[in-house]
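S.K.: Sequence:
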Amino acid sequence: MVARTVTLKFDEASGFRRVWERTLLACAAWIPLVTLWFLWRLASGALQPTPAQATGLVLVLQAGLLG
Numbered sequence: 001m002v003a004r005t006v007t008l009k010f011d012e013a014s015g016f017r018r019v020w021e022r023t024l025l026a027c028a029a030w031i032p033l034v035t036l037w038f039l040w041r042l043a044s045g046a047l048q049p050t051p052a053q054a055t056g057l058v059l060v061l062q063a064g065l066l067g
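Counting in the working numbering, the sequence shown runs from 1 upward without gaps.
Calculated from the structure, these hints are not laboratory results. Ideal placement from N, C-alpha and C gives every residue a C-beta, glycine not left out. Mixed in with the good hints, there may be bad ones.
What the hints assert, rightly or not - Simulated restraints on C-beta separations:
1) G15 / G56: 16 to 26 Å
2) C27 / Q62: 21 to 31 Å
3) R18 / S44: 36 to 46 Å
4) P49 / L25: 23 to 33 Å
Start from the sequences, fold in the hints, and give me the full structure.
M.R.: Laid out in C-alpha cells, this is it:
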C-alpha cells in the first residue's frame, strides 16, 4: 500500500511538471511576437511615450539585446 501511494504522488508531480513546462514554452513563444508588435506601434507613431517611459524602454531594450 505504501509503494502504491508513493507511485501516485510521483506520477502527480510528473504531470504537474509537464504542464508547467508546456506553460512556460507557450509564454516564451509569445514574447518575440509581443515585442515586435510593440516596436512596430512605437515606430509607426501610434505610441508616444513620456520621456521617463522612453528612458525605461531604452534600458529594457539594451538589457534584452546585451543579455
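S.K.: Work down the list of hints and note, for each, if the structure agrees.
M.R.: Evaluation of the provided hints:
1. G15 / G56: 16 to 26 Å: Taking Cβ atoms as reference, G15 and G56 lie about 39 Å apart, which means the hint is violated.
2. C27 / Q62: 21 to 31 Å: The hint (21 to 31 Å, Cβ to Cβ) holds, given that C27 and Q62 are roughly 23 Å apart.
3. R18 / S44: 36 to 46 Å: 40 Å, holds
4. P49 / L25: 23 to 33 Å: Since the Cβ atoms of P49 and L25 sit about 31 Å apart, the hinted range of 23 to 33 Å holds.
Comparing the model with each numbered hint stated earlier shows that hint 1 is the single one that does not hold.
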